Amino acid sequence: MVRFIRYIILIALLQVVAGTFLSYAQSFTSASGIVKDSITGEPLPFVSVYFDGSTIGAMTDDNGTFTLQNNQGYTKLAAASLGYDTKFIDLKPGKKNDNLEVLLKPTAFEISEVVVKPKREKYTRKDNPAVELIKKVIAHKNDNRIEAKPEYQTEVYEKLSLSLDNFNPNLDKNKFLKKFKFIKNYLDTSEFNGKPILTVSVRENLSDFYYRKSPKAEKTIVRAKRMQGIDKTLDDGGGITSNPGRDFQEYQYFR
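Quick note on the working numbering: the sequence shown kicks off at 1 and runs consecutively.
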């Protein structure tokens, strides 16, 4: 009889314990899935995912996935991230809510129109150092002219370059130019448009110029002269003889 009573009590305890575990297991609500951008569809890492109204939450991993569970009766999931609207999802209580796809919508910011107008400063010549400098330059322009000096000596460098732009380097198709094979030695490329050019003439002069005001006298002594190009080749063969003369004149700042 005593054993029978103990057996009944043991069965009752087992039923209570089993019922407690069953109730405990059924009260768990879990959620797992991935958080994505609603526009691009790209997974969003480091998004805060939590049960609304609780302190139970986690961050999505590098792939945007998450896993959460609770047994405190929270059945609404929330996902929040900077730059996105918070998304809420109702879960099935006491169930495994797997393979959830949470799409976060980017927050729309409205920026009001702003017109920026710079304050126009009134121009004044008073106490303007640039204006004062120009006034002094104009006032002494006669003194600063190089002809005002009693005498002077200067080194003069002149360079004259003549080229044919957009030159066709295929000489074999030209009955006249194909006779002059040396032309290929003077082909170059333009620095402006990258097209082939033919250097016809490059002339350089280096000289010393002497000037005396009274009695007036001028003298030029050529120290060096160089000529390159097709005309140099033809000139060496006796085909061309030319003198470009003074192709550059002195520039006067105070005229």
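It is possible that part of the hints are untrue.
[As the list claims (entries may be wrong)] The calculated lysine to aspartate or glutamate pairs, modelled on DMTMM-like cross-linking and capped at a C-alpha distance of 25 Å, are: (1) Lys159 to Asp85; (2) Lys96 to Glu151; (3) Lys76 to Asp37; (4) Lys159 to Glu113; (5) Lys159 to Asp143; (6) Lys105 to Asp85; (7) Lys149 to Asp52.
Derived from the structure by calculation, the hints contain no laboratory data. On a predicted model such as this, the values are computed, not experimentally measured, just so you know.
Straight-line Cα separation of Lys159 and Glu113 no greater than 25 Å?
Cα-Cα ~58 Å, so violated.
For the pair supplied as a hint, Lys96 and Glu151, is the alpha-carbon distance within the 25 Å limit?
Violated - the C-alpha atoms of Glu151 and Lys96 are around 105 Å apart, more than 25 Å.
Proposed proximity, Asp85 with Lys159 (alpha carbon, max 25 Å)
Violated, at roughly 71 Å.
Does Asp143 lie within 25 Å of Lys159 when you go C-alpha to C-alpha?
It is violated: about 30 Å lies between the C-alpha atoms, which goes past 25 Å.
If you draw a straight line from the CA of Lys76 to the CA of Asp37, is it 25 Å or shorter?
holds (20 Å)
Would you mind confirming whether the straight-line C-alpha gap from Lys149 to Asp52 stays at or under 25 Å?
violated (93 Å)
25 Å Cα cutoff - pair Lys105, Asp85:
Holds. Lys105 to Asp85 sits at ~6 Å (cutoff 25 Å).
In terms of the numbered hints stated before, the structure departs from hints 1, 2, 4, 5 and 7, listed from lowest to highest.
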